[in-house]
Amino acid sequence: MLAFLIRRLFQSVVVLLVVGAVSFGMFRFIGDPVNNMLGQERTQADIADLRERLGLDRSVFVQYAVFLRNAAQGDFGVSYRQGRPVADIIAERAPATLELAAVSGVMALVFGIGLGVITAIKRDSLVSSTIMTLSLVGVSLPTFLIGILLIYVLSVQLEWLPSFGRGETVRVGGWTTGFLTQSGLVALILPAITLGLYQMTLIMRIVRSEMLEVLRQDYIRFARARGLRERSINFRHALKNTLVPVITVTGLQMGSIIAFSIITETVFQWPGMGLLFINAVQFVDIPVMAAYLMLISVLFVSINLVVDLLYFAIDPRLSIERVKA
Amino acid sequence: MTPPPVLSVRNLVVAIPSRAGISRPVNGISYDIAPGEILGVVGESGAGKSMAGNAIIGLLDRPAHIASGEVWLNGNRIDNLPPDDLRRIRGRQIGMVFQDPLTSLNPLLQIGDQLTETIREHLPMSAAQARDRAVAALEEVGIPAAAERLNSYPHEFSGGMRQRVVIALALCAEPSLVIADEPTTALDVSVQAQIIALLRRLCRDRGTAVMLVTHDMGVIAEAADRVAVMYAGRLAELGPVRSVIHAPRHPYADGLMGAMPSLSIGQRRLRQIPGAMPRPSRIPPGCAFNPRCPRAADKCRVDPPPTLADDPQGRAACWFPMEHPA
Amino acid sequence: MIRSFSAFWHSDFGWKFRHSPTAILSALVTLLLVGAAIAAPLIAPFDPFNSASLNLMNGFSAPMTPNAFTGQVFLLGADDQGRDVFSTILYGLRVSLFVGVSAVLFAMVLGVTLGLIAGYVGGRVDGFIMRVADIQLTFPAILVAMLIFGIAKGIIAPQYRDQMAIWVLIIAIGLSDWVPFARVVRGATMVEKNRDYVQAARLIGRKPVAIMVLHILPNVLNPILVIATISLALAIIAEATLSFLGVGAPPTQPSLGTLIRIGQTFLFSGEWWILLFPAATLLALALAVNSLGDWLRDALNPRLK
Amino acid sequence: ETLRWALAGDALTLDPHAQNEGVTIMLQSQMMEPLVSRAPTGELEATLATEWAVKADDPNVWVFKLREGVTFHDGATFDSEDVVFSMDRARSEASQMKGIIASVAEVRATGPYEVEIVTNGPNPILPAALTSIMMLDKGWTEANNAVTVQNVAAGEVTFSSTNVNGTGPYTLVSREADARTVMRAFDGYWGKDTFPLAYSEIIFTPIQNASTRVAALLSGELDFIQDVPVQDIDRVKGTAGLKVESSSENRSVFFGLNVSDTLVAGNIDGKNPLADVRVRQAINMTINRDAIRDVVMRGQSVPAGIIMPPFVNGWTEELNAYPAPDNEAAKALLAEAGYPNGFPITLDCPNDRYINDEAICQATVGMLGQIGIQARLNATSKALFFPQVNAMETDFYMLGWGVPSYDSEYIFNFLYHTRDESYGSWNSTRYSNAELDAQIKAIAAEVDLPKRDAMIAQMWETAKNDLAYIPIHHQMLNWAMKDGLTVTVDPDNQARVKYFALN
Amino acid sequence: MTAFVEVSHLGRSFDVSKPWLNRVIERLPRRNLVAVSDVSFQIEEGAVYALVGESGSGKSTIGRMLAGLMTPSEGQVRVAGADLHADPSARKAAGIQMIFQDPYASLNPRWRVRRIICEPVVVAGGETAGLAERLLEQVGLSAEDAEKFPHEFSGGQRQRICIARALAANPRLIICDEPTSALDVSVQAQVLNLMSDLRDELGLTYMFISHDLTVVRHMADRIGVLYLGRLMEEATPAQLFARPRHPYTQMLLAAAPLMDGRTREIDLPKGEVPDPISPPPGCAFNPRCPFAVDLCRKERPELREFGGSRVACHRAEEIAAQSAA
Ligand SMILES: Nc1ncnc2c1ncn2[C@@H]1O[C@H](COP(=O)(O)OP(=O)(O)OP(=O)(O)O)[C@@H](O)[C@H]1O
Ligand SMILES: Nc1ncnc2c1ncn2[C@@H]1O[C@H](COP(=O)(O)OP(=O)(O)OP(=O)(O)O)[C@@H](O)[C@H]1O
Ligand SMILES: [Mg+2]
Ligand SMILES: [Mg+2]
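Protein chains in written order, with the working numbering: chain A, 866 to 1190; chain B, 1270 to 1595; chain C, 2 to 306; chain D, 1358 to 1860; chain E, 3 to 327.
Hints are computed from structural coordinates only; laboratory data are not their basis.
Treat the hints loosely; a few may be bogus.
Keeping only pairs whose Cα atoms sit at most 30 Å apart, straight-line, the calculated DSS-like set for lysine-lysine is [said to hold, decoys possible]:
no., chain 1, residue 1, chain 2, residue 2
1, D, K1455, D, K1839
2, C, K208, E, K94
3, C, K208, E, K150
Simulated coverage check for chain D against chain A, where a stretch passes if three residues somewhere in it have a Cβ under 8 Å from a Cβ of chain A [unchecked claim]:
no., stretch
4, 1373 to 1386
5, 1621 to 1635
6, 1664 to 1676
7, 1767 to 1780
Note that CB positions come from ideal geometry on N, CA and C, so glycine has one too.
Generate coordinates for the entire structure from the input sequences, incorporating the hints supplied.
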């Protein structure tokens, strides 16, 4: 177990370093922050001066090294756009994204697994093929269009749900939450649906196909032959065995939920990290972009770790070493 | 007076509709099994052995279904029961053992849980009682330190032990019939001998009827009282083990015996049956065996073979059964 | 061609196909759309990619309604630039399909090659390739595509950008999509390489590359095909999504995604046709390709009978 | 009464001297005030200064009389000490405002409510330059260690970038950047009786996505939005309870052309066709500004014949005249210049900066195609576009130019002067005219206004003939709001809530 | 004097240790699975040498080393006088081919039969015209079958195709790894007969691997009994079945079902095969052996000549005396 954790940790560090290196290699191509940072009345001298002060005239490696050195001390620099420490900005934005991701993740999981099980058990029924077809519609339109259509119908035409923002938020310690106010909860609905729909479909399809696979296994036949009830077979025996592959995919999806939140947050003006990233890209706010990408990597790596640990909880066959090193 | 049979199968037909029409992997088989009796069912792969077993216990996968015929268990007809009633019979009155002991057990559940859930499904028992019963069942199949092994997962057992667990699971609600579908094929000979001995002991001690499905004549010879030889979904021959082995009446059974190296010691060449068994969808008219049969006459290519009852010795379904000097 | 078609028609697979209304319908829709895309220059009444032929005054003509200034009539209306929506959809379909198919091909070649190598060689090579795959997954597809797009724009001289945009998209989407191929192929390869026919080939003296290409590859094609179909739908949608973030096909040579991005800005203003028709086309395409992939997955699964 | 207000962007900082950017200044100006400001009508209006004039005996000195009885939000009194402090801060090294008031040499208090601003040479338009220099309280700023202007480049973070203590009509309640800024009416505001001040609270939310922004207005979640997409104006107008107010913006949109001898992308037949004024005239003649107005802009633009918004000193009807589109004549000019079959050229455009920028460029590409010029469109985000323009890696580009000083000098200085260290910093056309350069420097110091106006008129004549820039139009501003609101649209797109009235 | 195939002190172990880091942290030793250990035997030209043993006893491993698919960790294999693993050309010269257990997995399902059969010749650069047809007829199939795909054949027919492919390389030694264990008896007879016929016609030498004693008895000229990678006994079929010398052989024979069984009440074999990673010290069979004494637990018995067989048992003499009594 310890060896496993150490190895994972080492790999995570390597992944982070590579992600960072790749990111820094890319930033120089995304644009030049200097133009955004100076007013219209800037002169060529101002531009050269600012570039030098930002260190943009130095090589990518030096910039990366400086970033790493500071990051190791917990200093992620100051946003070019907002002029505030990146760590503060991210801490301020993270709750919004995490709450949204959590709600849509849970939604995707609950509905995905539920519908997946239903469509697997009632394989050839009308209900199941209807669900399957509808779910395809969900992944056959780009997310942004789904979001805009939801806004158009539910906010503009019906005026049922808010079209943007998080509603009222409450501060609990360093965390702002939208869970505690009615407007906060209502504001979550549309973005969560938009963000979760795709993942839900994916999870549903995987649960369905894994479940169909598991239902064909000998031990399910044997469970039937022992006269167990369908409910017990489906949920106690089949579903549990379905979970192992589902967890892998779900883990990966949680990572991409956060990435997809870029679009959802833009559409719904959701003040989270995705919106922050998009703004950063538009402004070429290098410190923010770097910190965001690193954070996403850390998240992804930790989710992967949790997923691997979950395997051990679920599958007694796995001795810790056998997990992919 | 023979006791009434535990299982009685009458003209059972299993049909599978498919693109090429309806195929009948099991096509009109009839037999009885008495309490305490082991009926061996042999035949080549695809002969319909498993299909017959699954049909009896009501576990045919769609689109396969029982097209006609009857299955009687302890005097009750069970092939037409509603699914839930049939489910109550499975495990309670009919136990089933499958070929591969590793895949038969749910890898994520402790074997104690798998045992107690089965017991409590069928018998009105408290959790503690069921547990005791589970320990007893494991002890009965010869698992040492049974009480401690309840919390083990299947992968923690060796192959032979797993098959014992599977048997314990099949027997834990004390069914009157056990269908064992190739219970030893995946095991080593030494373990196979142990498992067969176990099945025979249980059968003798409890009076359980056993339908032992296998393609290994040796296992049948060792374990069974009577043997049914299946070919292309039909019964070719059914009779006491010794007679079928040493004096087969059906040319197919005869060919099968001749092809076994153990029975043809000293011969440079084995006797071989030419060709292969047809698929259920390609069964020729008349006797299914006719293209491969050395005795086949025109009649065999046209008329379906007679039933076992038509045979003077009641054993073979053949127009021209083999005669052996007594 | 006819022979192989009839072989297909009479095979098991063909039988399954003929008996699945979903499969037939989605194959028909796919064929229709692909055909329309290929034949766009023949079918389309206008050439929307030729800016010089456009008349701005045709802008916003409603479907089947004569334009107030020019009197021209457009079947599905005209967009903000006075382009015939019908023609633009046909050409956009062409772009979308081209981007989708090329991106999937790119991802496929990359993923299959790496997967074969990782699965066959195993050991450190496998470990390395799979770690790279993990890192790749760390950058979710949109991010990868955005960054690559950014880089390419930075590298390529401005005057070539409009022609390069499509290729950049292809690489960006393809590069973010190779991992599933690699994973599946690696898994299948590890199973296949232990099969006796591979051993037999080794015994005969086949070199590893020949074994991978001649023996293993043909036997891992089924899952590749399934992933490719589903990836195609994903790639087309991904292109649309990127277009929303401003990194899609250029507006002068719009893809379906770009059309939707442009069209959605007219959602409130009443020019519904600029959004509706491209969106419906995209929906039909993605739906058809997706359900074809779904059906393939089931039909090619030997265990699902 | 709460005003729920949205537009595309958010302020970058609350430090008034750290960023010279429209939205930043607009948000700050709800809470802070300059000495002089521009009323919605465009005239200069007394704010923290009540009177101002050039000192009788010294043309280099302006004297400002300050308003008495003004307090900051924290209760501190406003006086000449604060003005000196604020002006010095705005002129300091890290300040982004220092460019606007580069002519100021010294600011001195000559009484508690009087200051003198000394300039390097006479500066007739100084008051106009002061409209975006907000006043800070010296005591508060010093107490909070915010004396130096925030310097992002040096990784600095200051108190004043997230906190406000101004004299303005609203106080800051809370602010989450890019999400929500809440302001409440300031009880001690000096102009309580002067301005309508209809709202007691402002909730400001940036919404980037135009569709979402309009949706939020349509669904009643907002009271007021700026940046209404032109195509949605009719929809908003047609919605009960909503209306749209429009005005011409103080911004012109135009194309810049590389007029030097060499094209960045490589010469055509050894020459740069754009260097030939006939080619430029041909392009000028081809662009159908009325069509762009009617279709792309849906009527929301004023076609331009000059790259100067109508509010600017020097603008005339004649200068703004533009040629009727004439493809035949254009082709003839091209042929005359030696390009009867046109030539290829890349048009670089932003796609997220000006109203329908990409669509305008697209339409232009089509129009140019009709006279044989094969234009390729390279539309990119502003983050890529502006560095490209600045690095002069473009031959043909779109640009928009606002004139906060309302004076022609501002345009000439940045767009026409030969590019060097401090002049012509937005001139990527490589246009260089020594005579014009000299005139530009001369009008900056000319105090004789009629004479100066004459010089400007003459300079525009030259500029218009040389056609280094091809004007397209002056953008229109469209503000959408609840019916009950009375708002005058500000040409600089600067909404100031204190002027908003409710009927 | 030298035999056609000479296997001396052949050994093969697999490293099944945990990864390095785990070993360091958990203080675990390296672990070796000894699949084959110190096996020596000879095969005369034209003879059938059989290896029997339970699953995991190392039969396939030996076969693969003989075929050159795996390198031995110890000892050597000499075929026709040349060291197979030291001299790469030896394998080609000896023409070693293999027939595998699973006829369904040993033919590439995507290739036509003709291509499959001709592959060895194609690789060697030979002439293939008419080859497939000739070989197909030789193994009892028809020439038209060359155009078909493997899935169109039954198991027995596929095994014939495998044989045809093996013959295409003009082999002198064919290693058959359980060639009939996936086949039904009636088909098994066909294949066994074919193999016997070919041997007579072509003078082939077979190494025949099986777990089925009756099949081995039918086919072999000499039988080696393997247990946990070690050769326990080697004898002719007549000797082995009449007078098994090793207690393990005796156990195997006792456990094998006899067709005239029924009345026979046998001593049930004890236990199961132990874990090959940590085999018992001394004689590998000692924990299950009714005759085991202390010496058996300490010292590994050598394979030695005894009464016409070769046996690896310390107590062969006593046991022989006992059973004779
Ligand atoms: N789901 C199905 N659809 C179509 N045919 C089937 C299906 N399941 C089995 N069959 C066919 O039914 C026949 C009988 O199969 P069954 O499994 O009963 O054979 P078996 O005698 O048990 O063979 P084995 O020894 O291989 O287990 C076979 O020919 C098989 O191909
Ligand atoms: N590549 C490998 N890595 C690790 N262990 C192996 C490997 N190949 C074989 N083994 C082990 O070596 C031992 C002998 O295996 P082998 O396949 O030779 O047995 P076998 O006698 O052929 O058994 P079977 O009858 O099941 O085919 C087994 O314990 C097996 O687990
Ligand atoms: Mg079976
Ligand atoms: Mg083996």
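query: Where does the structure disagree with the numbered hints, that is, which hint numbers, in rising order?
result: Of the numbered hints, 1, 5, 6 do not hold.
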